[in-house]
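4 protein chains.
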Amino acid sequence: MAGKYTCFDGRINRGRVSVERSCWHEECGVFGIFAPGQDVARLTYYGLYALQHRGQESAGIAVSNGQHISVHKGMGLVVEVFNYDNLQTLVGDLAIGHVRYSTSEDSSLVNAQPLVFRYLRGMVAIAHNGNLTNANKLRRQLGASGSVFQSSTDSEVIVNLIARYSQEPIELALRRCQEELQGAYSLVIMTEDKLIGVRDPYGVRPLCLGRMGEAWVLASESCALDTLEAEFVRDVEPGEIVVIDSKGVTSLQGHQAAHRAHCIFEYVYFARPDSTIDGETVNMVRRELGRNLAREYRYKGDVVIPVPDSGIAAAAGYAEVAGLPFEEGLMKNRYVGRTFIQPTQEMRNLGVRLKLNPIKQILKGKKVIIIDDSIVRGTTSRRIVGMLRQVGVEEIHLLVASPPILHPCYYGIDTSARGELIAAQYSLEDIRKHVDADSLHYLSLEGLFSSVKGEAENFCAACFTGHYPIPIPDPEEATKYSLA
Amino acid sequence: MAGKYTCFDGRINRGRVSVERSCWHEECGVFGIFAPGQDVARLTYYGLYALQHRGQESAGIAVSNGQHISVHKGMGLVVEVFNYDNLQTLVGDLAIGHVRYSTSEDSSLVNAQPLVFRYLRGMVAIAHNGNLTNANKLRRQLGASGSVFQSSTDSEVIVNLIARYSQEPIELALRRCQEELQGAYSLVIMTEDKLIGVRDPYGVRPLCLGRMGEAWVLASESCALDTLEAEFVRDVEPGEIVVIDSKGVTSLQGHQAAHRAHCIFEYVYFARPDSTIDGETVNMVRRELGRNLAREYRYKGDVVIPVPDSGIAAAAGYAEVAGLPFEEGLMKNRYVGRTFIQPTQEMRNLGVRLKLNPIKQILKGKKVIIIDDSIVRGTTSRRIVGMLRQVGVEEIHLLVASPPILHPCYYGIDTSARGELIAAQYSLEDIRKHVDADSLHYLSLEGLFSSVKGEAENFCAACFTGHYPIPIPDPEEATKYSLA
Amino acid sequence: MAGKYTCFDGRINRGRVSVERSCWHEECGVFGIFAPGQDVARLTYYGLYALQHRGQESAGIAVSNGQHISVHKGMGLVVEVFNYDNLQTLVGDLAIGHVRYSTSEDSSLVNAQPLVFRYLRGMVAIAHNGNLTNANKLRRQLGASGSVFQSSTDSEVIVNLIARYSQEPIELALRRCQEELQGAYSLVIMTEDKLIGVRDPYGVRPLCLGRMGEAWVLASESCALDTLEAEFVRDVEPGEIVVIDSKGVTSLQGHQAAHRAHCIFEYVYFARPDSTIDGETVNMVRRELGRNLAREYRYKGDVVIPVPDSGIAAAAGYAEVAGLPFEEGLMKNRYVGRTFIQPTQEMRNLGVRLKLNPIKQILKGKKVIIIDDSIVRGTTSRRIVGMLRQVGVEEIHLLVASPPILHPCYYGIDTSARGELIAAQYSLEDIRKHVDADSLHYLSLEGLFSSVKGEAENFCAACFTGHYPIPIPDPEEATKYSLA
Amino acid sequence: MAGKYTCFDGRINRGRVSVERSCWHEECGVFGIFAPGQDVARLTYYGLYALQHRGQESAGIAVSNGQHISVHKGMGLVVEVFNYDNLQTLVGDLAIGHVRYSTSEDSSLVNAQPLVFRYLRGMVAIAHNGNLTNANKLRRQLGASGSVFQSSTDSEVIVNLIARYSQEPIELALRRCQEELQGAYSLVIMTEDKLIGVRDPYGVRPLCLGRMGEAWVLASESCALDTLEAEFVRDVEPGEIVVIDSKGVTSLQGHQAAHRAHCIFEYVYFARPDSTIDGETVNMVRRELGRNLAREYRYKGDVVIPVPDSGIAAAAGYAEVAGLPFEEGLMKNRYVGRTFIQPTQEMRNLGVRLKLNPIKQILKGKKVIIIDDSIVRGTTSRRIVGMLRQVGVEEIHLLVASPPILHPCYYGIDTSARGELIAAQYSLEDIRKHVDADSLHYLSLEGLFSSVKGEAENFCAACFTGHYPIPIPDPEEATKYSLA
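Protein chains in written order, with the numbering used here: chain A, 1 to 484; chain B, 1 to 484; chain C, 1 to 484; chain D, 1 to 484.
Hints should not be assumed to be uniformly reliable.
Stated by the list, open to error - Coverage of chain B stretches by chain A, computed from C-beta distances (three or more under 8 angstroms per stretch; other residues unrestricted):
1) 126–137
2) 298–305
Unchecked claim - Using 16 angstroms as the maximum straight-line C-alpha spacing, the simulated EDC-like pairs for lysine to aspartate or glutamate come out as follows:
3) D:Lys-360 <-> A:Glu-231
4) A:Lys-360 <-> D:Asp-309
5) B:Lys-360 <-> C:Glu-231
6) C:Lys-360 <-> B:Asp-309
7) D:Lys-360 <-> A:Asp-309
8) B:Lys-332 <-> C:Asp-309
9) B:Lys-360 <-> C:Glu-229
10) B:Lys-367 <-> B:Glu-346
11) D:Lys-247 <-> D:Glu-296
12) A:Lys-360 <-> D:Glu-231
13) C:Lys-300 <-> C:Glu-320
14) C:Lys-332 <-> B:Glu-231
15) A:Lys-332 <-> D:Asp-309
16) D:Lys-367 <-> D:Glu-346
17) C:Lys-360 <-> B:Glu-394
18) D:Lys-332 <-> A:Asp-93
19) A:Lys-194 <-> A:Asp-93
If you're looking for bench data, these hints aren't it; they were derived computationally from the structure. Since the structure is predicted, the reported quantities are computational estimates derived from the model, not experimental observations. Here a beta-carbon is modelled for each residue, glycine too, at the ideal position from N, C-alpha and C.
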């Protein structure tokens with residue numbers, strides 16, 4: 001999928017630019033650190049910075065000094081939300097942080113995380129990655145007994161549920177919550193003196209534990225540990241509740257499902273290539289996806305080029321197996337920013353190529369094999385093929401390093417509705433014609449699953465297979481509360 | 001009291017400037033409008049702008065289009081928080097607004113109002129002026145049954161209390177709430193299609209109702225009605241619940257106390273001179289305070305000067321009765337702003353006169369009678385007297401147009417703690433020596449009460465008398481929740 | 001004139017609000033300080049803050065550390081342009097500062113002052129108050145010999161002229177410049193180690209010298225000296241060049257005109273009431289204007305009210321002579337800001353009263369004498385009279401504490417063109433009808449001149465009399481260069 | 001050289017972060033367009049956006065509507081400086097734009113370009129890329145005859161020189177200027193109705209001409225033409241003056257040197273890979289540099305990895321010739337921004353890896369060949385080698401795809417002074433020890449020159465060879481004027 005770069009500008013709507021949602025959006029990244037005596041806010045800042053790809057809409061850090069939790073959050077990138085002044089006001093021994101992306105309707109500071117609240121037992125901060133499938137049902141139940149909601153986030157549902165079990169210590173309250181929460185969630189929670197990590201029974205969204213001398217770290221991906229030179233200890237287990245305080249790390253095994261359901265799309269597109277998640281290194285999975293693609297579809301091309309950046313590893317893997325030269329045939333502008341001013345329709349006709357530029361001298365007259373990680377709506381693919389034709393490419397073979405996306409995700413990935421998924425609506429040949437490639441092929445499901453070391457049954461690949469491991473929401477429940 | 005101008009810069013703490021709290025702060029101003037088909041957000045903007053003197057820390061406007069409530073709020077003055085772009089996103093038929101001041105510890109966006117929430121019956125927005133005296137007790141009770149709190153505002157307490165009565169329509173739920181809420185409150189509340197005004201049983205804080213053609217307006221002070229050329233209809237009664245919707249205005253008389261307790265300090269200092277509150281025009285009360293002061297203490301001065309701006313009316317009244325010339329002897333810089341950079345200690349010694357400047361040519365060699373509205377800590381009075389001495393004033397007679405402030409306020413005015421009230425600690429002669437005036441006199445209680453048309457028993461003058469009409473908080477309860 | 005408050009919002013055009021120029025704008029305020037070892041930037045900040053009324057469009061401070069001149073300037077009020085961070089970067093022994101207002105066409109950062117430049121003899125910073133009448137002629141002459149211009153300011157003309165005399169020390173170069181410059185100018189100039197004040201041969205714009213211990217200060221008005229508790233030493237003489245360096249103060253008498261021509265409008269409207277300029281205290285002049293008005297036109301009114309703030313002193317003086325009560329019958333909103341959102345035309349019809357509010361309870365059924373300082377276009381007067389009628393005033397007598405304005409100013413005051421001056425177009429009776437007052441009277445020229453201590457011939461009153469002491473620009477030259 | 005990413009954060013000094021200058025900075029990018037009837041400001045915005053890599057400190061666009069030139073410029077990236085509002089104020093038929101980087105001492109808005117000025121013949125805007133070697137000499141000469149300087153830019157020198165020839169049309173004045181200007185310059189100049197491109201006699205800095213239907217475009221690099229889908233027409237010739245107006249394109253051949261001296265470092269590091277400059281495609285040159293490196297130094301490595309992003313093409317070329325797998329072994333954080341908060345010294349010791357992260361699973365136990373484009377100070381190389389060691393790389397062979405940098409640049413590239421160039425101070429073996437690699441090799445000069453198609457004598461490679469084609473400044477002249 002060629003998408004990440006288009007996501008970026010899609011979000012600069014500000015009422016003037018229509019949102020172009022041709023790509024998937026990971027909802028969130030979470031981070032937590034227990035490090036008395038250290039500058040936990042700044043360490044969290046670096047951790048979030050490493051997780052920025054998981055959410056660029058808002059960022060927040062909450063810090064506890066043992067008595068009180070302070071928080072700062074705002075709209076924008078981590079480097080935009082935080083500065084020397086506001087980081088210095090966040091002093092404490094433990095901290096959690098959050099980066100978020102969401103659909104435009106919920107795009108509001110009121111939904112930014114961490115959410116900090118006070119309940120009967122004291123103060124708590126919570127950061128959530130994932131998506132509950134029974135959030136509205138829970139909201140209704142909680143509302144019936146007097147809960148009020150100030151946002152449309154799942155976090156606020158979880159918070160109110162925790163408060164219902166305020167007679168129990170928070171760890172046990174969380175175990176109770178696990179029984180009621182349905183869906184995908186990786187939580188990082190902080191009380192005045194404890195850092196807690198929780199993962200849903202299937203382990204859909206990633207969460208790992210690291211060590212930094214005396215300090216402990218929780219993070220969505222291991223790249224955040226690397227950034228701090230923290231040692232990777234292990235992934236948090238599906239259903240596990242990890243509690244970190246001055247006495248060290250203790251683990252409660254909460255509800256665990258019969259099998260795991262790690263999101264395979266994290267490897268295909270979302271996660272950072274340098275992360276290792278649940279035993280699989282993302283870059284290596286992607287390279288293997290490319291190799292498997294080469295084993296399935298081999299062309300007598302002159303050159304293999306990736307759609308940058310997410311297609312690079314697969315393209316290199318393809319080139320390796322196919323014995324063809326790998327070239328950066330499409331150059332990406334490194335300064336694409338969130339506030340980019342969109343071309344007018346008139347200029348679009350002029351064909352403004354703002355984000356990607358094909359290098360004519362490399363590509364002209366060549367048979368080009370172009371590797372993308374996935375295709376959602378096909379819009380970007382069509383544009384890229386058009387650009388290649390314009391510079392005189394002779395043959396264009398578009399190969400996709402994952403199977404067709406046929407089903408929407410309900411577990412925390414903001415993809416298109418089913419009606420917008422091109423592969424759910426059209427035949428392979430129709431899609432090929434639409435994007436105007438000389439040939440088009442997707443990786444097979446076998447090719448996908450053979451690219452990872454784990455068993456297929458331990459992954460959620462519902463977007464490709466339609467096999468949903470966790471019940472999905474009743475359509476009537478599906479409309480979210482919005483307080484944006 | 002010479003205070004308002006020092007409050008202004010006191011708030012620029014940003015971690016660098018120590019807050020100088022030598023003056024009282026009114027907590028809030030509230031506004032609401034029901035005007036289908038009109039630009040309710042902009043009308044609310046103008047209403048808040050007229051109430052800006054009641055709170056300069058944060059401002060917010062919530063608008064309902066009949067189905068959904070949208071809100072925008074931010075830190076700063078109304079003109080800083082709102083601009084063309086964000087006002088245009090607030091489209092609807094009814095709106096409420098809020099301006100807020102608070103103590104620095106709670107100075108945070110999370111505490112800005114209106115508070116918008118969703119409960120079982122739908123969406124609600126609330127704006128509050130006043131102070132509950134049993135907020136912490138209620139917070140504890142609500143927390144015990146599962147409520148969570150995200151701010152330290154009274155509004156969130158009220159909101160959670162409303163949600164406990166979600167089986168009843170909101171008007172009736174509010175009547176129930178009135179039975180549990182203790183303290184001073186004037187509320188403006190909005191559901192998707194109703195605008196509601198509520199006043200506490202004693203009517204401590206002001207709230208009035210106005211009409212603008214087909215539209216209805218609620219506001220803390222009548223000056224906000226004047227700004228919109230709305231017609232003043234009447235004050236909301238103590239304990240009354242006024243409901244405005246497409247069917248018109250209906251009134252529920254909730255709990256009403258045996259007598260009224262209108263805050264007399266609104267007239268002495270807080271309210272805008274051009275407002276008429278509960279039957280008394282502020283400017284006329286102040287002028288009468290000055291006249292009564294002249295009847296009590298007459299000096300053979302050469303000139304009467306006010307401490308601007310709040311002392312102007314009283315000084316003019318004094319001059320009128322005393323038959324002495326009124327002069328603007330102290331010039332106030334009209335550009336005092338919130339972000340003013342404080343002089344260093346070294347410069348303070350140089351005597352930087354940034355906000356007030358005595359006009360030497362008018363004052364030199366004269367016997368000056370200077371009129372202030374009140375004295376809290378005495379710091380400002382001492383500085384002003386010092387400035388007058390420096391330009392060669394011969395005699396300085398400081399007259400205060402209200403009695404000594406001896407007791408703290410628990411009903412929504414952020415005055416000093418008792419230990420900081422100079423009149424609670426020192427004798428009149430000691431204060432005179434401290435401020436270095438040739439003579440010092442306060443208006444008597446009789447003089448105060450005879451300046452208003454209403455009966456003394458219908459005013460809260462607890463700061464002067466110590467007679468609190470509503471139970472004040474248990475000291476152990478007094479520490480507020482803070483989530484700033 | 002009722003104007004100052006309308007100017008404020010007139011400037012928020014930003015392409016959306018039409019500029020409402022119903023009032024005069026003083027072009028600039030200048031300040032300079034020579035104080036080795038002290039925080040000259042912060043002292044200049046306070047000085048400019050006291051001169052803020054002379055220009056609210058841009059502000060700037062330049063500082064020299066003996067070797068190098070640094071500058072910071074920006075659009076907006078002094079408190080908006082400067083903060084702790086940027087003030088701290090301005091370290092040195094001497095400094096100059098500037099506040100500026102200008103017509104919208106020139107409203108650009110490129111025109112902000114001080115202007116810092118390097119010429120053959122080193123670095124120089126310059127701040128200018130006034131208006132050259134031969135600027136375009138000089139620009140053309142200088143351009144013919146190779147000068148380039150990056151702004152449309154007079155300062156850049158002066159700078160290029162100075163550079164033409166770079167073979168001479170700057171003091172002597174300035175004397176040469178005085179021979180070529182025509183118009184009104186008060187300059188504060190700084191080299192790496194000298195502070196220089198220059199006044200035009202007629203002394204049209206004010207400039208005074210003060211002392212602060214070892215330090216020396218130059219300022220447009222004495223109120224800036226008072227703010228720093230600097231001692232007023234004397235006004236800079238017409239045509240004088242004052243040079244301040246480590247050896248002290250030396251004076252060069254440059255070209256001096258046959259008589260002085262101090263701008264009388266500074267006293268009527270522009271200057272701060274607490275300033276004393278060329279021997280006259282502004283507040284006392286204004287009070288005397290009011291007294292003289294009472295001597296010329298006496299009504300059997302019930303109450304005298306000012307148009308705030310500039311009419312207050314005259315109204316008090318009128319009330320004193322007439323023996324009538326002085327009342328603040330019109331309340332001004334103290335929070336009028338530059339970014340205020342204008343009412344839509346529809347709302348204007350609703351009669352939004354955003355800046356001034358008449359106090360009905362004081363005015364209803366009364367015969368009101370209302371005092372304004374001057375009338376330019378009559379628009380504001382008409383609105384005020386309309387508001388008074390609306391609250392039921394019985395008779396409205398509008399008295400103006402200065403004569404009719406019949407002629408435009410070319411010496412640094414941005415008034416309307418002649419065609420917009422109501423008194424230049426219509427008879428007294430027509431104006432009275434237009435503003436809808438029961439009676440209207442202006443102070444006579446005799447009344448004006450008898451309000452000041454100096455001889456009439458030593459003032460420029462060209463706006464009233466049409467007698468221009470300095471040649472005015474050739475109409476063909478009048479179009480300004482604009483580089484905004 | 002691993003540099004670009006470190007440059008980025010080096011610029012967030014703001015007085016708190018010391019600037020880390022371990023990399024070279026291209027001074028500027030220029031752009032111009034003549035397109036009556038089109039939105040020239042927005043087209044320039046896109047052009048500058050494509051040239052952003054040439055300067056991230058400030059950006060500016062000037063537009064002419066035939067009568068008047070308007071300009072907007074500011075500090076920061078193109079997407080930060082421009083928004084819908086300010087772009088819409090820039091309406092016209094022709095435009096020029098500029099992006100700039102500079103050393104911190106000159107980092108000030110006063111130095112931002114385009115510079116707009118008015119001289120005898122009208123208005124002119126100018127944008128400059130390069131560096132004059134006789135700027136100070138010219139400044140002194142011009143100053144002696146009355147020129148004043150408000151910035152420390154070369155552009156202001158050129159502007160004043162143009163004005164000396166104001167008796168001639170600007171094209172001829174520019175030819176005169178070419179005779180006096182010494183150094184490297186590519187200029188884009190605009191009068192009210194003409195767009196002009198000028199290149200120095202040696203053609204050191206790039207400049208090319210493109211066509212877009214009826215419109216004409218000038219740009220530093222062809223990637224800016226591609227972005228607008230403009231057709232590349234030709235490079236502007238060394239010494240050429242190209243004039244574009246409503247009559248079309250005319251060319252004046254000004255002074256041309258005996259040979260060309262195209263900066264070879266544009267190909268090695270600065271220019272965008274997808275640009276073709278003076279007949280050489282940057283990506284292809286870089287790939288060939290990598291191939292030649294493989295021909296000179298072959299290791300039995302397991303894997304070839306680039307230092308991203310500038311080393312990618314060379315690494316791919318090396319891998320191709322060496323028959324080794326190419327891997328993205330170092331992952332770069334794509335969100336590195338200008339306002340990034342630097343780690344404290346204490347954290348640096350913890351080894352925070354914020355911008356680059358080695359993928360342990362790919363690299364551990366391997367013999368790694370790592371390709372960088374160049375080495376300036378060696379600091380970054382040392383850190384990268386350290387990171388590789390930490391993840392367990394067995395052997396590290398650092399190969400540099402260009403020769404050792406031994407001499408500073410005086411033609412517009414802000415590299416270190418000679419004392420900071422590691423290769424100018426130490427032997428190859430000492431550098432190898434310093435960076436702690438197992439082996440270190442630079443490409444030979446022969447390898448460098450054989451990577452381009454042109455003759456060696458037509459390139460400036462002074463930084464490698466010390467052979468300066470244009471006289472360099474007298475050391476005594478070298479101190480720049482600074483007005484920042």
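Each hint, compared with the structure:
1. 126–137: Violated: only 0 residues of the region 126–137 of chain B have a Cβ under 8 angstroms from chain A.
2. 298–305: violated (count 0)
3. D:Lys-360 <-> A:Glu-231: holds (12 angstroms)
4. A:Lys-360 <-> D:Asp-309: violated (20 angstroms)
5. B:Lys-360 <-> C:Glu-231: holds (12 angstroms)
6. C:Lys-360 <-> B:Asp-309: violated (20 angstroms)
7. D:Lys-360 <-> A:Asp-309: Violated - the C-alpha atoms of Asp-309 (chain A) and Lys-360 (chain D) are around 20 angstroms apart, more than 16 angstroms.
8. B:Lys-332 <-> C:Asp-309: holds (11 angstroms)
9. B:Lys-360 <-> C:Glu-229: holds (12 angstroms)
10. B:Lys-367 <-> B:Glu-346: Status violated; Cα separation ~32 angstroms.
11. D:Lys-247 <-> D:Glu-296: Given that 16 angstroms is the threshold and the Cα spacing comes to 53 angstroms, the pair is violated.
12. A:Lys-360 <-> D:Glu-231: holds (12 angstroms)
13. C:Lys-300 <-> C:Glu-320: Roughly 14 angstroms between the alpha carbons, so the hint for Lys-300 (chain C) and Glu-320 (chain C) holds.
14. C:Lys-332 <-> B:Glu-231: violated (20 angstroms)
15. A:Lys-332 <-> D:Asp-309: This hinted pair holds, its Cα atoms lying about 11 angstroms apart.
16. D:Lys-367 <-> D:Glu-346: violated (32 angstroms)
17. C:Lys-360 <-> B:Glu-394: Outside the cut-off at roughly 39 angstroms; violated.
18. D:Lys-332 <-> A:Asp-93: Violated, at about 30 angstroms.
19. A:Lys-194 <-> A:Asp-93: Judged against 16 angstroms, a Cα distance of about 10 angstroms means the pair holds.
Of the numbered hints given earlier, the model fails hints 1, 2, 4, 6, 7, 10, 11, 14, 16, 17, 18; all others are met.
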